[in-house]
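Undergrad: Read off the chains here:
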Amino acid sequence: MWRNYLASKEKCIFFSYIHLQGQGQENVFYYVNDGSEEEQVVALCLTQAGELPAGVTPWQTTLAPGAALKFDAKAHLATAGIQTFVGGLLLVISNPKNYLPLFIANKDLVSTWSGSRASAQIGIAGAAEWNSAAKKAQKSYYMFCPAVLENDSTKTLITIFNSSTDAGYADAVIMEPRLHNLRGETIVGNTLTVPPFGTAVIDVGAHFGEAGNKLLAATENRGSLTMHHQGHSFGSFFFHVDRATNEILSGRHTQPPALAVCKIIPFNYIATYLGSKLPLAGHIVPVLSFLKHNPKIYRTFYPHHSHPNYPGSIWQYLEQSRWMIYLRMMGRALYFLAKRGFRIEEIAITSDTALNTDVIQHNLWNQLKLFQFSRGRVETLLYPLKSIFAVKPEGKTLCIGPKNEGENLLLEAHGFRDVIGIDLFTYSPKILLMDVHRMTFPDNTFDTIICGWMITYCYDVKQAIKEIVRVAKDGALIVCSFGVSVTKEGPHAALDFIVTRLPNGVSDLLKLFEPYVGHVSWWNEQVVPGTGRSCVVIFQIKKSCNTPTDNTSVMVSYNK
Amino acid sequence: MLGSKKSGLFAQKLIPRTERPLMTLANDLLSIGSVSYYFAGSIGGASDRWQTKIFLHNYFPLLADALFPAEWEVRLYGAEGQLLWCQSGEMTGAPATVVLDTATIPGLDTYGVVFVHIKGHPKEMVFKEQYASVFFTEYYVPGTQKKILAHSLGGSLKATHYAYHATSTSWVTPPGFRPYLFLANGCDFQDWCHPRCAQARVTFINDKKQKAVITVPPFGKRACQQIDLFAREPKLQAHLGDRPYQIEVDGDNILPKPYLFETNGTHVFAEHL
Chain A
1 MWRNYLASKE
11 KCIFFSYIHL
21 QGQGQENVFY
31 YVNDGSEEEQ
41 VVALCLTQAG
51 ELPAGVTPWQ
61 TTLAPGAALK
71 FDAKAHLATA
81 GIQTFVGGLL
91 LVISNPKNYL
101 PLFIANKDLV
111 STWSGSRASA
121 QIGIAGAAEW
131 NSAAKKAQKS
141 YYMFCPAVLE
151 NDSTKTLITI
161 FNSSTDAGYA
171 DAVIMEPRLH
181 NLRGETIVGN
191 TLTVPPFGTA
201 VIDVGAHFGE
211 AGNKLLAATE
221 NRGSLTMHHQ
231 GHSFGSFFFH
241 VDRATNEILS
251 GRHTQPPALA
261 VCKIIPFNYI
271 ATYLGSKLPL
281 AGHIVPVLSF
291 LKHNPKIYRT
301 FYPHHSHPNY
311 PGSIWQYLEQ
321 SRWMIYLRMM
331 GRALYFLAKR
341 GFRIEEIAIT
351 SDTALNTDVI
361 QHNLWNQLKL
371 FQFSRGRVET
381 LLYPLKSIFA
391 VKPEGKTLCI
401 GPKNEGENLL
411 LEAHGFRDVI
421 GIDLFTYSPK
431 ILLMDVHRMT
441 FPDNTFDTII
451 CGWMITYCYD
461 VKQAIKEIVR
471 VAKDGALIVC
481 SFGVSVTKEG
491 PHAALDFIVT
501 RLPNGVSDLL
511 KLFEPYVGHV
521 SWWNEQVVPG
531 TGRSCVVIFQ
541 IKKSCNTPTD
551 NTSVMVSYNK
Chain B
561 MLGSKKSGLF
571 AQKLIPRTER
581 PLMTLANDLL
591 SIGSVSYYFA
601 GSIGGASDRW
611 QTKIFLHNYF
621 PLLADALFPA
631 EWEVRLYGAE
641 GQLLWCQSGE
651 MTGAPATVVL
661 DTATIPGLDT
671 YGVVFVHIKG
681 HPKEMVFKEQ
691 YASVFFTEYY
701 VPGTQKKILA
711 HSLGGSLKAT
721 HYAYHATSTS
731 WVTPPGFRPY
741 LFLANGCDFQ
751 DWCHPRCAQA
761 RVTFINDKKQ
771 KAVITVPPFG
781 KRACQQIDLF
791 AREPKLQAHL
801 GDRPYQIEVD
811 GDNILPKPYL
821 FETNGTHVFA
831 EHL
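For the record, the sequence lines run as chains A and B. Just so you know, we're using my numbering here: the first sequence kicks off at 1 and counts up by one. Just so you know, we're using my numbering here: the second sequence kicks off at 561 and counts up by one.
Think of the hints as simulated: they come from the structure by calculation, not from any bench. Backbone N, C-alpha and C define an ideal beta-carbon position, used for all residues, glycine too. Careful, some of the hints might be misleading.
Dumping the calculated EDC-like pairs for lysine to aspartate or glutamate here, alpha-carbon to alpha-carbon at most 16 Å [unchecked claim]:
| # | chain 1 | residue 1 | chain 2 | residue 2 |
| --- | --- | --- | --- | --- |
| 1 | A | Lys155 | A | Asp242 |
| 2 | A | Lys74 | A | Glu26 |
| 3 | A | Lys155 | A | Asp203 |
| 4 | A | Lys542 | A | Glu514 |
| 5 | A | Lys70 | B | Asp767 |
| 6 | A | Lys462 | A | Asp508 |
| 7 | A | Lys70 | B | Asp802 |
| 8 | A | Lys542 | A | Asp474 |
| 9 | B | Lys683 | B | Glu650 |
| 10 | A | Lys392 | A | Asp474 |
| 11 | B | Lys565 | A | Glu176 |
| 12 | B | Lys613 | A | Glu220 |
| 13 | A | Lys430 | A | Glu346 |
| 14 | B | Lys768 | A | Glu37 |
| 15 | B | Lys768 | A | Glu38 |
| 16 | A | Lys396 | A | Asp443 |
| 17 | A | Lys430 | A | Glu345 |
| 18 | B | Lys769 | A | Glu38 |
| 19 | A | Lys473 | A | Asp418 |
| 20 | B | Lys566 | A | Glu176 |
| 21 | A | Lys542 | A | Asp443 |
| 22 | A | Lys155 | A | Glu210 |
| 23 | B | Lys769 | A | Glu37 |
If we take Cβ atoms under 10 Å as the criterion, some of the chain B residues that face chain A in the derived model are [as the list claims (entries may be wrong)]:
| # | residue |
| --- | --- |
| 24 | Lys613 |
| 25 | Leu623 |
| 26 | Leu820 |
| 27 | Phe829 |
My request is simple: use the sequences and hints to build the entire structure.
TA: Put into C-alpha cells, the structure is as follows:
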C-alpha cells in the first residue's frame, strides 16, 4: 500500500502535475538533498483518482547529502507500458535525522515539461504538514488564475492537488469554479469533486462549454478563474497548452491572495514608506530608531560592517546630512579665506600646462564654482565605493580635483579617516596645491584614489595616470568618473577637448591604466539623452601577481 | 456587506470606516504593492524580442464574497532604476482583470522592475493593517506561442533591512541552455537612510557539494541586472554540468526572489528562485 510511505512522522511532501499527452513530450522532476543526512525519497505517480496506476510501482532512491535526483516520469511510466498519462506526482522525503520545518520550506522540487515547441518550469516548496487533521479546519482556500486564454491555438488547464501528509487522509472536497471575463462578468461552472490524493484537471474551454467561450470572446478570449473552499489546502497550477500538440507552453502555481492582503508590515516598513512619500520624513527614521532604542541596539540593527551605507551612529547621520556638510564647508571656506586675506592660491602656469589655465577658469571663476558642491555626483561614486569589500576607509584617501572641501568632508562623514585633496587652486589645508601630472607624494601612498570628473581635463592623460598608479598602493581602489560626448554639437561643444577624449568610455580608460588594472568592481556607463554618456568605474590597482583582491572572479560589464 | 463564503482571515482585517479613523487612514496610505520583472526586448542574447503582459486581478470580491471596488497603480522602472512609466485606474466591485502590455508602452528598457499595487476600497469598511498585492505576468514573444507565466514576488521592500539571504534548491541547466539571472535592488522608494546600492553574492553548489561564487557588484536603487552567468564565470558551466544544483543569494537590499532565465534559443525555462 503506497500510503505507508506517509506513515513516518518526520517527512515532507511535494506535489506536482504529470502531463504526458503526446509524442516527444518529456516530464522531468529535479530535487536536491540540501541537508546533512541521507534522505529516502519515494516518487509516486498517481492517477486523477488518487491511486497508483496498474503495473506502476513507487520509484525509490536514497540521496546522500548534496546529491540530486532526476525523476523522468515518462521513462518510469513506460516501464508499465503507459505512454500517455495525466495525473499527480507525490514526492515523499523521509529523513528522521534532519527534520526541521524551516529547512523543508527552503527545499524545492523543480518540475519541467518539454515538448517539441516549448518548455515550462515550476519550482514549488516542500510541506512538512499539509491537510493534517489539526490544520485543515483552520484554512480557507482561495484560488485565482488571472491568465485564462482560450483561442484557436491555446487553451488553459487548471490543476488542483488534494494531498495530505496524513496516511489516512480520506477527504474528498467539492469545489465550485467560476469563470470571469476581463470585465468581471461571471458564470458558475459545474462543481468538481477532488478525491483524496487525487488531481482535478479543468480544461477551461471544455468545462464551461459554449457559455464560457461566449463570455471570454467578449474580452479578447481572456479572463480569469476563481475557486473557493473552506477547510482544506490545495496546490494548484495553471497552464497554457497548445491545442494542436497538447504540449504545455507555460505554467505557474496560483497565489492565494489572502497571504498578501493579510500581511503584517512592521514599523520599519511604515517608516520607509513614509520616507518615500514625504522626503523630509525620511530624516526622522534614524532619529526615531535612536529614540526608540539606545545606540547599542541601533548599531545592532544597523551594523556598519554588513550595512556599509547606513550611518554608523546618530552623529554620523547628522554629519552626513546635506545641510551639515554645506554649512561646514561654507563656514570653513569663509574662515580660511579670511585667514588668507581672501586670496586663493593657484598653481603656477607654464607653457606646457596652458590647459590648466582653462581648467582654473572653468572651475574657479565661472559662476563661482568654487562654492558649488555637487553632492549627488560625489555620492554616485561614494555609495558603490563603500559597498565594495576591499575598501579601506581607515587607510589614506586622495581626492583629485575636489575644488572645495565638500568632497573631503563628505568622505570623512562616511568614515574615511585620512582624506587629502589636491587641486590647481586652494584655500584649504585639506586641499594641497598640486598638479596631478607632477604629484609630490611618495610612491605607494594611498589606499583609495578618487578621480571625480577630472581625468579628461588633464593636458596629458597618460602622464596623469602614470602618476596616479605611482602614488597608489598595490591593491588600492581607483574611483574614476567622467563624461563622454557622442557629438561635437550641443551644449558641450565648447568643451570638446574634454568630453571627446575617451570616446569608448570606461574601456578606453582601463586601457590607459593597463597593465595595472586588477579586479574591476563597478562599471557603469549611463546614456544621458542628447548629451553623451556618464561613466563611472571602480577598480583595483594591481602592481604584482600577489595583489590582494576581494576574491571575485567576475569581470563586470553591464548597464552599457 | 460580506458574503457567506468570505474568507474568515480576510474579514478579520476589515473594520467599520468610523472606527479608529486615523489609524485606518494611515494604514491605507502605508499599504504597499509588490514587484516583479518585466521584459520588453531581447533577453539572453536571443533574437526573440520578449514582451510582458501584466495581469491585475481584483481578487477582493473572491475574499469578501461580495462586490468590492479596488484601485490599481502600475509603475515600470528602467534597468537603471529610473521611473519610465506610471498608470493607475479603478476596478468595479466585480472580479475584473486589467491586462497591461509592454508592447503598447513606448520607451521601456529591455528589462526592469514592475511595481503593482491593488488597493481594495470597500464603501463602509477599511483595512486595519497594511497589506501587499498579488499579480501575475506573462512573458511572451509576439507572433509565437513562446511564453512564460510568472507571479509577483511579494513586498517590494525589505521590512527590516537585514541582508537578503535565500537558498533555492533543485535547479538544473540542461545541455545547450545558457542561464541568465535577473537581480534587482529592493530599495524601492526612499532616498535617505537606505543604501542606494545593493550587492549580492550568488553561490552555486553542485551535486558534489562544491561551490562556485559570483559576486555581483553594487547597483542603484530599483536598478535591475541581467547577469549572463556563463559569461561572468566561464568555469560555471563545467561546475554545474547538467545535474541539479542549489543557488544561494545573499547580499544587502536585494529584491526577494531573483529570476532565473535559461534558454537554448528555441526553448526557455524560467522561474523565480
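Undergrad: Each hint: holds or not?
TA: Results of checking the hints against the structure:
no.	hint	in the structure
1	A:Lys155 - A:Asp242	7 Å, holds
2	A:Lys74 - A:Glu26	6 Å, holds
3	A:Lys155 - A:Asp203	8 Å, holds
4	A:Lys542 - A:Glu514	9 Å, holds
5	A:Lys70 - B:Asp767	12 Å, holds
6	A:Lys462 - A:Asp508	12 Å, holds
7	A:Lys70 - B:Asp802	10 Å, holds
8	A:Lys542 - A:Asp474	6 Å, holds
9	B:Lys683 - B:Glu650	14 Å, holds
10	A:Lys392 - A:Asp474	13 Å, holds
11	B:Lys565 - A:Glu176	12 Å, holds
12	B:Lys613 - A:Glu220	14 Å, holds
13	A:Lys430 - A:Glu346	15 Å, holds
14	B:Lys768 - A:Glu37	14 Å, holds
15	B:Lys768 - A:Glu38	14 Å, holds
16	A:Lys396 - A:Asp443	13 Å, holds
17	A:Lys430 - A:Glu345	13 Å, holds
18	B:Lys769 - A:Glu38	14 Å, holds
19	A:Lys473 - A:Asp418	15 Å, holds
20	B:Lys566 - A:Glu176	14 Å, holds
21	A:Lys542 - A:Asp443	14 Å, holds
22	A:Lys155 - A:Glu210	14 Å, holds
23	B:Lys769 - A:Glu37	13 Å, holds
24	Lys613	8 Å, holds
25	Leu623	6 Å, holds
26	Leu820	9 Å, holds
27	Phe829	4 Å, holds
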